[in-house]
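Since the structure of chain A is already known, use the hints to place chain B on it.
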Amino acid sequence: MDFLRTLLSRFAALLGLRHRDRDLDDDIAAHLDLLTHEYIASGMPEAAARTAALRDFGGVTQARETYRIERGFPHLEQFARDLRYASRQLRRSPGFTLTAVLTLALGLGANIAVFSLLNCLLIRPLPVPHADELAVLRTDRNDDTRGHNYTFGSPFLRALEQHHNGFESVAGYSARPFQVHDEAANVRVPGAMVSGQFFTMLETPPVLGRWLTPHDDREGQANVAVISAGYWKARFHRDPAVIGSTLTIANRPFTIVGVMPASFVGADPVYRPEIYVPIWAEPVIDAPFNAIADGYHTWWMNILGRRDPGVSLEQANAALGSLSDGILDQSIPDAKWIKDARDHHFRFAAEPGSRGWSFLRDTFRKPLVVVFVLCSAMLLLACLNLASLLMARAAARERELATRLAMGASRMRLIQQLLVESLLIALLGTSAGLLAAPAVSRFLGAVLIGGAGDYVMLDPSLDVRVLAFVALVAILSTLLVGLVPASRATSKSLNDQIKSGSQSVHSRQHRLLPRLLMSMQVALALILVFGAGLLATSLQRLRGIDLGFQPQNLVNVRLELNKQSRDGEALVAWYHRYLDGLARLPGVKALAYVSFPPMSGAVWTEDMHTTISHGDHQLYMNCVSTGYFNTLKIRMLAGRDFQWNDSLASGLKVILSERAAQQLFPGQNPIGQSVTQTHGADGKNVLQVIGVVGDIHYESLRKDAPPEGYTAITQNTDHKPDYVAVTRIEGSALPLATAARQLASKMAPEIPAPVLTPMMTDIDGSIASERIMAMLAVFFAICALLVTAIGLYGTLAYSTARRTSEIGVRMALGAKPAQVIGLVFRENAWISIYGSLAGLVVAWFAARALASVLYGTSARDPLVLLVSVLVLVSIASAASLVPAIRAARIDPSTALRAE
Amino acid sequence: MGDNKSEVLQGTLDLMVLKTLETMSPLHGYGIARRIEQVSGDSLVLNQGTIYPALLRLEQRGWIKSEWGTSETNRRARFYSLSRIGRKKIAEETENWERIAATMARFLSSSN
Chain A
0 MDFLRTLLSR FAALLGLRHR DRDLDDDIAA HLDLLTHEYI ASGMPEAAAR
50 TAALRDFGGV TQARETYRIE RGFPHLEQFA RDLRYASRQL RRSPGFTLTA
100 VLTLALGLGA NIAVFSLLNC LLIRPLPVPH ADELAVLRTD RNDDTRGHNY
150 TFGSPFLRAL EQHHNGFESV AGYSARPFQV HDEAANVRVP GAMVSGQFFT
200 MLETPPVLGR WLTPHDDREG QANVAVISAG YWKARFHRDP AVIGSTLTIA
250 NRPFTIVGVM PASFVGADPV YRPEIYVPIW AEPVIDAPFN AIADGYHTWW
300 MNILGRRDPG VSLEQANAAL GSLSDGILDQ SIPDAKWIKD ARDHHFRFAA
350 EPGSRGWSFL RDTFRKPLVV VFVLCSAMLL LACLNLASLL MARAAARERE
400 LATRLAMGAS RMRLIQQLLV ESLLIALLGT SAGLLAAPAV SRFLGAVLIG
450 GAGDYVMLDP SLDVRVLAFV ALVAILSTLL VGLVPASRAT SKSLNDQIKS
500 GSQSVHSRQH RLLPRLLMSM QVALALILVF GAGLLATSLQ RLRGIDLGFQ
550 PQNLVNVRLE LNKQSRDGEA LVAWYHRYLD GLARLPGVKA LAYVSFPPMS
600 GAVWTEDMHT TISHGDHQLY MNCVSTGYFN TLKIRMLAGR DFQWNDSLAS
650 GLKVILSERA AQQLFPGQNP IGQSVTQTHG ADGKNVLQVI GVVGDIHYES
700 LRKDAPPEGY TAITQNTDHK PDYVAVTRIE GSALPLATAA RQLASKMAPE
750 IPAPVLTPMM TDIDGSIASE RIMAMLAVFF AICALLVTAI GLYGTLAYST
800 ARRTSEIGVR MALGAKPAQV IGLVFRENAW ISIYGSLAGL VVAWFAARAL
850 ASVLYGTSAR DPLVLLVSVL VLVSIASAAS LVPAIRAARI DPSTALRAE
Chain B
0 MGDNKSEVLQ GTLDLMVLKT LETMSPLHGY GIARRIEQVS GDSLVLNQGT
50 IYPALLRLEQ RGWIKSEWGT SETNRRARFY SLSRIGRKKI AEETENWERI
100 AATMARFLSS SN
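As they're listed, the protein sequences go chains A and B. Numbering-wise, numbering that gives the first Met the number 0 puts 897 at position 898 of the first sequence, and it's gapless, one number per residue. Numbering-wise, numbering that gives the first Met the number 0 puts 61 at position 62 of the second sequence, and it's gapless, one number per residue.
Just so you know, these hints were derived from the structure itself, not from any lab. Hints may be right or wrong, so weigh each one.
Claimed, not checked - So, partial list: chain B residues that the calculated Cβ filter (under 8 Å) puts toward chain A:
1. 46
2. 47
3. 48
4. 51
5. 52
6. 56
7. 59
8. 60
9. 61
10. 71
11. 74
12. 75
13. 107
Since the structure is predicted, the reported quantities are computational estimates derived from the model, not experimental observations. Note that CB positions come from ideal geometry on N, CA and C, so glycine has one too.
Same shape as in the complex, but just chain B:
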């Protein structure tokens, strides 16, 4: 069960992270997770730990980059920010999403 949920959310989580970093950079994992929760207005219950595989994926693709820094509680942590490629990809991915969403909406409304 748990497996299924995170697979569906994978694509959406990546985009959410990117959008978050677009407006607020640099940010560490905690910050990104909290911001996503804020923006989605608690309609989304997120396991904050799932951020890290997503961040790794994005970093492997070269869409975000990381730097070591110190957190508010004086702990060593990585701070992430968008790369140039990442910035370009946001527009692409957003367009993608809107297209999918529109198609789904058409489907669902037509079956009514």
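So here's chain A without its partners, still in its complex pose:
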């Protein structure tokens, strides 16, 4: 009780400090007055009485001090005073302050930006209750070449829905843009097909209406939909009557039964569906395809599950494994397939799924980690630099600090004060870093997902985790950075040396630590420059790969005709008319249709064989129209291109790539010969080879060009196929975009507007991770060089300033300017040399870690190494020369007088 009252009283005092002090002064004045009066009354003269009164009273100042300590929060007041002092000190040297703050902001800002990306992609769990109970299912085989498989066919889903020991619920999830009717035409809206237990699994109640349930996920019942809060706001303007209204998806009516809250994002952190429909709606959504009817042939959804409470992941995983055989038998009608699966130890498995599942994760995990390591190196460099600068600065204030120590300040107190200065710098640097970070991470995110597809979005907004990380890093760096210089500057031995004279001739040990720090910086800078050089060279080599075609000035016009009414020959005629319409534009040089443009992410393979091919060969297929090879500038090696009149009646034709021709017809001329499609739909399709073209890269830049085959769109038996019009243009793509949309809306007003993407975007997107790594590495290398240069310059400038009198003496004794330059320069020369050597050694071994991400570049490329060393040495020399030259200009007489 007493304690509480005391605390409150102290608080009150904090707010009215002056008032309390004045009260005390009044009291003391009255007291002294009375004492004096007493002494006067006993016969003393006034002056003597006053002195006696003061003596009786004791120390007035001491009384005031003790009073002040009792009155408020002395530590708080002390801290406030330290802060004011520190800010005054920092304002007095703006150059130093700016450098220090910028250095820290750079290091921290980059780290925050990258960490928030990492957080959003790899760490942050889905915003659902008990996200740690979620698991992602996959299938394992012992011949998995491309890593684990996370896609399932619908038979597996149905079997798992019935038997899921260890799991409370299991749900399928498949995301793709839906065609939704809006006013006159169809538009693309990001959507998802989910199975019955999906919403119960994610335990997030709707804000309006109800969830989708297993009752809805049945044949004939699946014409209901749940929409997101964003879509409700954008399209329905938050009208509560949306429940029960109709949404036309893929030209069929769906009834809206619920609205999900804004915090619900589905099961994929980078894709936010606006519309959810049951899995059984798939034949409608995917028309004319039907993945459900394709059964176990088509694998098209991800499956997640929520573990039973109390069941660990290992137990659930084991339970799933034991179910595998049963599910195989239940779902697959093909005995040969089952046997093949069993031979390869096919089993279901579960892995942690609190963060949902995204295909981006696997692709970008490694590059993001590499980038994070780079960032940490950069932050370390920034801290080292800051420590050196602070150390140099504290050394410049030795005189002042020693004086204060001599006057009775405790060492703790001085260290405290210096730490507050570092704290202030850290605060400013962190705030600056925090301000810049969101923009940087958005930029990085955009590069990262550049070619990843529509509606993929990263949300690297700051959340608790990131802020906690930031705070931790900032505090740690302050303490590390500030403690060492502070304790050094106030050490007793220093004190003695100061007293002995103004020439600061320090012991070797004393100068060791700053030099060590600087050398470490130089080493780190060299490592960063070397890493950047390697990554940049690798990227250049990637960019320089001959793709087999000319990607510049190509634009992909993506059309979606699968929900409109035309089909067969009428549709081909439509496509032909559309192409002719586009060809009339002045900027269009050449154009043609293709099913899957290169590097678009899609893959279509077929097994083919011939009489002389020694078995099946896998060809990467594509369906093209006349002029495709001309548009892409692919070399025509033999035979002819397709014509518009190559109808089905004239017999199936195929054009082979050079590699395919060599594999299927070794040593022979393939023109005119026949190729058989091993798993042809109608028995076995036989195609006649009419041409051979050059190989091109199909899937990625890194993979070599595979054997390829091309069929004609005029001979495509698929229903309502979608094609991409690849267009070679001259000048801006804007007129093409307008024309494409206008023409499409005139010729088929019900289809969604065509989407235009430059070919280079897809190609850049396929090397997004390499681009990010190279970009960041180069950025950090430049920053590292800058920071190190500033550090070298700054520390040398400080130490030279302290040696002014020594230099003055030397010059007075006859030293030439060149000798002085050499004297000063030597100090940094050794730092640079030792640092570079250390850096070289570390880089030599550490570079191996990069080997797996490099293309066509050895991790020990001697040219890159040489250039890195040269760059570092020249910048270090330049930085060190400036103070050296300035030292040579010192006027000896002024220097000596300044002492």
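Just chain B now, kept in the frame of chain A:
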């Protein structure tokens, strides 16, 4: 040296102030200091200034209260008196002290 002395005296000074105010209230700082000197019979040399932190402590705890008034020499000064809580605390603190004193006495006599 000076620090040590006042720390030891802190507790005793507080009790002395309370006892003084118990019998003579209200009193200003000078009056309390003079009275303490009187009662302790000059065996205690008190730095009169140390009264004020003690008075502040007691006031913060709520054991005494203050009022503004005018001193004999027509100066503005604060006059202190016991609060209700303070009155109760005197008995408590006195008991405390007597217990400590008795223990100390036992110690010192036993070592003889």
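Query raised in the report: Among the hints numbered above, which are violated by the structure, and what are their numbers in rising order?
Result: Result: hint 13 breaks, nothing else.
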